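Here are the chains, one letter per residue:
Protein chains: 2
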Amino acid sequence: MRKICIFDAQILTLIPNIIITDMKNISIGIDIGGTNTVIGAVADDATIIAEASLSTQKYVVLDDYINALVSNIKDILAKCGEHTLRGIGVGVPNGNFYSGAIEMAPNLPWKGKVMLADLLRRHFDTKVVVTNDAKAATIGEMVYGGAKGMKNFVMITLGTGLGSGVVVNGSLVYGADGFAGEFGHSVAIPGGRECGCGRQGCLETYASATGIKRTAFELMAKYNTPSKMRDIPFSKLTSKDIYIFATEGDALALKAFDFTADILGRKLADLCTVLSPEAVFIFGGLANAKELIVDATKKYMEQYMLPVFRNKVKVLPSALLGTNIAVLGSAALVA
Amino acid sequence: MRKICIFDAQILTLIPNIIITDMKNISIGIDIGGTNTVIGAVADDATIIAEASLSTQKYVVLDDYINALVSNIKDILAKCGEHTLRGIGVGVPNGNFYSGAIEMAPNLPWKGKVMLADLLRRHFDTKVVVTNDAKAATIGEMVYGGAKGMKNFVMITLGTGLGSGVVVNGSLVYGADGFAGEFGHSVAIPGGRECGCGRQGCLETYASATGIKRTAFELMAKYNTPSKMRDIPFSKLTSKDIYIFATEGDALALKAFDFTADILGRKLADLCTVLSPEAVFIFGGLANAKELIVDATKKYMEQYMLPVFRNKVKVLPSALLGTNIAVLGSAALVA
Numbered sequence: 008m009r010k011i012c013i014f015d016a017q018i019l020t021l022i023p024n025i026i027i028t029d030m031k032n033i034s035i036g037i038d039i040g041g042t043n044t045v046i047g048a049v050a051d052d053a054t055i056i057a058e059a060s061l062s063t064q065k066y067v068v069l070d071d072y073i074n075a076l077v078s079n080i081k082d083i084l085a086k087c088g089e090h091t092l093r094g095i096g097v098g099v100p101n102g103n104f105y106s107g108a109i110e111m112a113p114n115l116p117w118k119g120k121v122m123l124a125d126l127l128r129r130h131f132d133t134k135v136v137v138t139n140d141a142k143a144a145t146i147g148e149m150v151y152g153g154a155k156g157m158k159n160f161v162m163i164t165l166g167t168g169l170g171s172g173v174v175v176n177g178s179l180v181y182g183a184d185g186f187a188g189e190f191g192h193s194v195a196i197p198g199g200r201e202c203g204c205g206r207q208g209c210l211e212t213y214a215s216a217t218g219i220k221r222t223a224f225e226l227m228a229k230y231n232t233p234s235k236m237r238d239i240p241f242s243k244l245t246s247k248d249i250y251i252f253a254t255e256g257d258a259l260a261l262k263a264f265d266f267t268a269d270i271l272g273r274k275l276a277d278l279c280t281v282l283s284p285e286a287v288f289i290f291g292g293l294a295n296a297k298e299l300i301v302d303a304t305k306k307y308m309e310q311y312m313l314p315v316f317r318n319k320v321k322v323l324p325s326a327l328l329g330t331n332i333a334v335l336g337s338a339a340l341v342a
Numbered sequence: 008m009r010k011i012c013i014f015d016a017q018i019l020t021l022i023p024n025i026i027i028t029d030m031k032n033i034s035i036g037i038d039i040g041g042t043n044t045v046i047g048a049v050a051d052d053a054t055i056i057a058e059a060s061l062s063t064q065k066y067v068v069l070d071d072y073i074n075a076l077v078s079n080i081k082d083i084l085a086k087c088g089e090h091t092l093r094g095i096g097v098g099v100p101n102g103n104f105y106s107g108a109i110e111m112a113p114n115l116p117w118k119g120k121v122m123l124a125d126l127l128r129r130h131f132d133t134k135v136v137v138t139n140d141a142k143a144a145t146i147g148e149m150v151y152g153g154a155k156g157m158k159n160f161v162m163i164t165l166g167t168g169l170g171s172g173v174v175v176n177g178s179l180v181y182g183a184d185g186f187a188g189e190f191g192h193s194v195a196i197p198g199g200r201e202c203g204c205g206r207q208g209c210l211e212t213y214a215s216a217t218g219i220k221r222t223a224f225e226l227m228a229k230y231n232t233p234s235k236m237r238d239i240p241f242s243k244l245t246s247k248d249i250y251i252f253a254t255e256g257d258a259l260a261l262k263a264f265d266f267t268a269d270i271l272g273r274k275l276a277d278l279c280t281v282l283s284p285e286a287v288f289i290f291g292g293l294a295n296a297k298e299l300i301v302d303a304t305k306k307y308m309e310q311y312m313l314p315v316f317r318n319k320v321k322v323l324p325s326a327l328l329g330t331n332i333a334v335l336g337s338a339a340l341v342a
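In order, the protein sequence lines correspond to chains W and S.
In short: position in the first sequence from 1, add 7, done, that's our numbering.
In short: position in the second sequence from 1, add 7, done, that's our numbering.
Pulled out of the complex, with its shape left as it was, chain W reads as follows (with noise of 0.2 Å):
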C-alpha cells in the first residue's frame, strides 16, 4: 500500500504533530547464475534501489550459501529505509514456479532437490515465488522491454549456459511440470560435447559462454591460423576476450563467433517450425556483439528456416540489455 500525501511545506509549521509516512513498497529480485547471484531492491515504478552480488560457486554447502543469500537480503533491505515488503522473487536455473524448488541444476553446486522458497521463507515473513532464471527474464522482457504487446515470442539468455523462455498467445509456457522452456538442453549435435546434465551435445554446450570458448579451443586445434587466444590457458580465456579479438580482427575468434551463431541460428529455425514467434530476444553478455551474434543468427536462421516461415521472424537483442532484467523480471513476479 503507498500512501501518497500532497501538501504546503508549510502546513507542516501550523500541525507540528502531523506524521508523514511516504512507505515504499519493496520487491526483492533474485536472479541466481552458475557463476554470480544478484540481488536487487525494486520499487514499483521498476527503479532497483539497492543492490548487491555474492559468488554462486563460492558456496559448495548449501546452508553456507542459504545464509550468505538471507545476511545479503537483510542488507539490501537496511538500505531501502522504511518501507513495505511486497515479496521475494528468485529466478534461478531448474527453478520449479509450482513448487518453489530449484531441481537437480546442472550448473549450480548444490546437487538434487533444494527447496528454495521454503528455506528463505524460515527467514522471511513473505511471499516467495521461484521460478528459472530465464523465465523471470522473459517476464522482465514482456513487462519492461520489446516484447510489450507481443503474443507469441521466445527469450533465448545467453550466460554460463543457456536459458529460454516461451511465451504463447501472450502466456509464459510453464508446461505441465513447471520446466518448460530447457531449450538450451534441446541437442544441437548427437553425441557431441559433454554436458552438465549428464547428456551430450546440448545447444548450450555451443552457444553460451562457456560454448564459445570451448568452440575457440577446439579452432586451434583444428587450423594453424595465428591467434592472440592461444597465449591464454583455458582455465583463463573469457567469451569477453574472444569478443574483443573479433572485434580487432583476430581470424579465429572471428570463426568462433560465426560458428556460434550458426549453431544457435540453426536449432532456431528448428524452434520455429513448432511455435512460429514473433520475434527471438536474445540476453546476456554475448548479446552486446550484435553483429557477431544477434544479426549472425539471424542470417544463420534465415538460412536454415522452412520456407513458410522465412523472413517472418525478428531476432534481437533484448531492449533491456545493461539492465538486470533477471532482477527486474523476478522482482516482478512478486510486484
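Some clues are possibly wrong.
[What the hints assert, rightly or not] In silico SDA-like cross-links for lysine to any residue, where the CA-CA straight-line distance does not exceed 20 Å: (1) W:Lys-155 x W:Arg-317; (2) S:Lys-319 x W:Tyr-105; (3) W:Lys-65 x W:Cys-87; (4) W:Lys-319 x W:Asp-302; (5) W:Lys-120 x S:Asn-318; (6) S:Lys-158 x W:Ser-106; (7) W:Lys-229 x W:Gly-177; (8) S:Lys-319 x W:Met-111; (9) S:Lys-319 x W:Gly-119; (10) W:Lys-158 x S:Lys-319; (11) W:Lys-306 x W:Lys-319; (12) W:Lys-306 x S:Pro-197; (13) W:Lys-306 x S:Gly-205; (14) S:Lys-297 x S:Thr-254; (15) W:Lys-120 x W:Leu-69; (16) W:Lys-120 x S:Pro-314; (17) S:Lys-306 x S:Thr-330; (18) S:Lys-86 x S:Asn-32; (19) S:Lys-319 x S:Gly-156; (20) S:Lys-305 x W:Asp-184; (21) S:Lys-134 x S:Pro-197; (22) S:Lys-118 x W:Lys-120; (23) S:Lys-319 x W:Gly-205; (24) S:Lys-319 x W:Lys-321; (25) W:Lys-155 x S:Asn-32; (26) W:Lys-155 x W:Lys-306.
It should be emphasised that the hints constitute simulated quantities derived from the structure, not laboratory data.
Values in this document were obtained by computation on a predicted structure and should not be read as measured data.
Here the structure of chain W is known, so what remains is to put chain S in place on it, guided by the hints.
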C-alpha cells in the same frame, strides 16, 4: 438447432395434422492428405453420417481438384436428408487458420498459395474454416479422444509426412502467423534426406510412412540380412508391408521400425525440453504398430530425455485410432 420430440406414438393418431421436424445439423469435415482427401458429414453427436474420398495426388490441376471436391461434398449432403449446414471445416497440410489458404505445402500437387476457403465459399453459402490437418486431428483428440482435460500435450500424425499439433495452457498453438506446429520439418539429421520442403534431413523424411520405407531401402543397402522386402521395388513397398514383415520376424523390417522409433524418440525428447507436455499422442497408420512404434518411441525418448523430464511424459496411441480423427476435428472447427 435440434428439436427434440418425446411422445407416445399413439398421440399421432389423435392429432393427425401434426408435422414432426427433427432437422439435423451437419458439419462437413474435410481431411486433405498428400495421398487422399476424405470428406465426412458429421452430426452434432460426432457420428459420421456420410463419407466419401477422392485421390489428392490425381488432381495436378487445382481447378479439377476443387470441382471434384465440390461435387463430392454435394453428393454427401444429398445423402444426409433434410438438414441445416453448420459449415465446412478443412484440415490440410500448411492450411492457415488466419487466411484460409494453403501456403507452399510440400506434399500437395499445387504450388504457391491456394485460397481454399474463398474457393469453397464460391460454391457453398456457409462458414468455411481451414487449418493444418494435424491441428484438426489435435482438436479431435482434445474434444473426443485421449487428451480430454489435458492442458499441455503434443499430437503427432504419421502419414505421408509427419504432422503435429501443440496444445499449451489448454489452447492450440497457431503462432504469430498461423503455421506453428510444423514439427515434421524440424531437422533430425543435418544434411540428411531430401525433403519435399526443399531442405534436407527433416524429421518427416525419417518418421512417417514414406520415411520408414526410405529407411528400409537404406538398411537393405547396408546389410546382407535376408528380407522379403528385397523382392519389392521402391515404388511398391508400403509401410503396411514393412509392418506385416516385422510382425513375421523379418529382421530388417524390425530394424526399420527400431530406427524410426529411435529418431522420433530423440526429437520428441528435444521437444519436451521446450514444452514439457503431459503426453504425446501418436496417430496414423503406423501408430497401429503399438509396440514397434508407440512403445519403442517412448523407450528411446526416455533414453534421450533431459533428467528433469524423465518418466513424466506419456507416449500414447491416439484414442481415436480407427476413426477419421482429422475429419472429426475439421468438422469440430465449424460445429
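These are the hints, each one checked on the structure:
no. : hint                  : in the structure
1   : W:Lys-155 x W:Arg-317 : violated (23 Å)
2   : S:Lys-319 x W:Tyr-105 : holds (15 Å)
3   : W:Lys-65 x W:Cys-87   : violated (27 Å)
4   : W:Lys-319 x W:Asp-302 : holds (15 Å)
5   : W:Lys-120 x S:Asn-318 : holds (17 Å)
6   : S:Lys-158 x W:Ser-106 : holds (18 Å)
7   : W:Lys-229 x W:Gly-177 : violated (45 Å)
8   : S:Lys-319 x W:Met-111 : holds (15 Å)
9   : S:Lys-319 x W:Gly-119 : holds (17 Å)
10  : W:Lys-158 x S:Lys-319 : violated (28 Å)
11  : W:Lys-306 x W:Lys-319 : holds (13 Å)
12  : W:Lys-306 x S:Pro-197 : holds (17 Å)
13  : W:Lys-306 x S:Gly-205 : holds (18 Å)
14  : S:Lys-297 x S:Thr-254 : holds (11 Å)
15  : W:Lys-120 x W:Leu-69  : holds (11 Å)
16  : W:Lys-120 x S:Pro-314 : holds (13 Å)
17  : S:Lys-306 x S:Thr-330 : violated (26 Å)
18  : S:Lys-86 x S:Asn-32   : holds (13 Å)
19  : S:Lys-319 x S:Gly-156 : holds (17 Å)
20  : S:Lys-305 x W:Asp-184 : holds (18 Å)
21  : S:Lys-134 x S:Pro-197 : violated (42 Å)
22  : S:Lys-118 x W:Lys-120 : violated (53 Å)
23  : S:Lys-319 x W:Gly-205 : holds (18 Å)
24  : S:Lys-319 x W:Lys-321 : violated (33 Å)
25  : W:Lys-155 x S:Asn-32  : violated (43 Å)
26  : W:Lys-155 x W:Lys-306 : violated (24 Å)
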